[in-house]
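Chemist: Next come the chains, spelled out residue by residue.
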Amino acid sequence: MRVILVVLPTPEVGRSEREAIGAARALATAFAGEVNVALVGPAAESVAERPERAGLTLEASANARTFFIAHPMLRGYAPELYVSALEQLLATVRPDVILFPGRTIALEIAPRLAYRLGAAMVTDVIGLQAEDGAVVITKPVYGGKAHAMLVASRPPVVVCVRPRAFDPIEGEIVGGDTTWVEVALDPSLERTRLLERIQEESATGTALEEAQIVVSGGRGIGGPEGFRLLEELARWLGGAVGASRAACDAGWVPASWQIGQTGKKVAPDLYLAVGISGASQHVVGISRAKCIVAINTDPHAPIFKVADLGIVEAYENIIPVLIEEVKRLRVAGKA
Amino acid sequence: MRVIVCVTQILDPEIPPGEFRLNAERTAAAEGIGQLVMSIFDENAVEVALQLRERMIEREPVEVIALTVGPPSAADVLRRALSLRADRAILISSEGGPVLDGVVVASLLKAAVERLHPVDLVLCGRETGDWHGGQVGSFLAEALGWTCVTFVSRIEATDGGFLMRRQSDEGWEIVWAARPAVATITNEETNVPRLPKVRDTMLAARAPIPMWTIPELVSDVTGLWGANGRLQVRELVIPGTSKACEWIEGETVTEKAVHLVRALRERRIL
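Protein sequences, first through last, are from chains A and B.
Residues in the first sequence are numbered consecutively from 11, following the numbering used here.
Residues in the second sequence are numbered consecutively from 1034, following the numbering used here.
For reference, chain A alone in the conformation it holds in the complex:
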């Protein structure tokens, strides 16, 4: 019997967490194994106390077991304590695969846990297959120019799944035997302290990773002013604004707007790439977008190779007209 443990260390249970469970369930089916879920930190308390708030119920689910690990010290940024708490859980549960969502805090905890377990470790995973007892893991390499297939034949293996690469589960994330796991945390382990949190708001109030429509700008936008146009378009479309690394590094928009290999991964119905050349490091962040529209002055820009619809035009010319067209559509829709 193979055991797959999904570790959820974030306060919120969102789409990334549901995708991680989705990936685990698919793998468990292939292995004829079981899925266990561990909620660590504030999520354990909020989900256990008020499951209905997260749209969760404690009744039937496909999980075999659910572990809750809560402790007053598991709040804010305390990666060493999370690692210690998980080590204590793993002294009794011995999973073959430990699966984390692709959140920044998970990407911090997972490798440290893997090191302590002597486990194989793979981040940014887009595919998981069972094969004769081994796990075959797919991840993009070389900025998405290739996909690597890696074989982990000796358990345990720790993986972080890439956001928007697996289908999220619907329904309950908690179920089966539910267990509160007591952990003893040594305050002297704490080597970091969270002093301040700086939230970067999305321009339109719609979260980038959840948006059904994303309007994104790159180097071709030329400065922060151009992004005001993209914001206006995004607002009329009911979407969010993203950016390429070049635009973020130039300081035109906040770094949290970055989409790509090392930024956010998005899977909207419509991705409008404006003044973005389309380097593979950017394109891997939008590979699950349903429809990609590229607007660029250079007809040979690589973005057109991945676009469904392409317009060769300067953004300054076409975006204002497009805003008017969308406005007309929205107003007509309301009438």
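Since the hints were derived computationally from the structure, they do not count as laboratory data.
Each hint should be verified, as a subset may be incorrect.
Stated by the list, open to error - Residues on chain B that point at chain A, a partial pick, calculated with CB under 7 Å:
#1 P1050
#2 I1123
#3 G1167
#4 E1189
#5 E1203
Here the structure is a predicted model, which means the values were calculated and not measured.
Think of the CB as a built atom: it goes at the ideal place given N, C-alpha and C, for glycine as much as any other residue.
Could you slot chain B onto chain A? The hints should help.
Modeler: This is chain B only, laid out in the frame that chain A set:
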């Protein structure tokens, strides 16, 4: 204060997809398809170290040492660091050693950091620009038993520790970290890598670079080999990405915009 920056040489990530080829074994990129460069987040890490040294100038001397694990040809990335005014650079030669997985690299870096004692801070890029592993910094911190903070864009020294600006999923966090610490560096507008001066590039080209070998650093070399075998690379494939792009044409800009909206409505997106 002594700051070590770990840098890696990788295939230039900017090479166009059309020029990307795999080696005969299909286990990595083919050699010679592009130039070899310093991994992009390692460049950000060098910049963070240099800025820390500059801000500390009135308070305390800061020595910035660049380290790499790789073949002798990887000295090029160390020369790049020297041209940006790192104080010195050391090559850990991987020749004759095991396959460089994350654990092996972290073990070698740990031995080098201990040899350079006392070290206050080690910086690594958040991930390499080729395999995007994102684990060597964390492994190194675990091996050393040091503080670890990931996705850091900027660092200030305080008494007994560091203030680090850390990227989270929602924005940024200011984190205090006990010394000694390992930080992995991400990009932000504040740490865009500077360009070297011509004179410094010329000096760096002639600078001697000490080379440390694996047996010098690690007594149990077979133990290092044992770290491999947890993961095997079966095969790399090049995904087919090309779609047939439908061009939206029009005599005027307005026509193009109208045609685009129509195409999106036909696809039931708007």
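Chemist: Of all the hints given earlier, name the ones this structure violates by number, lowest first.
Modeler: Numbers 2 and 4, in rising order.
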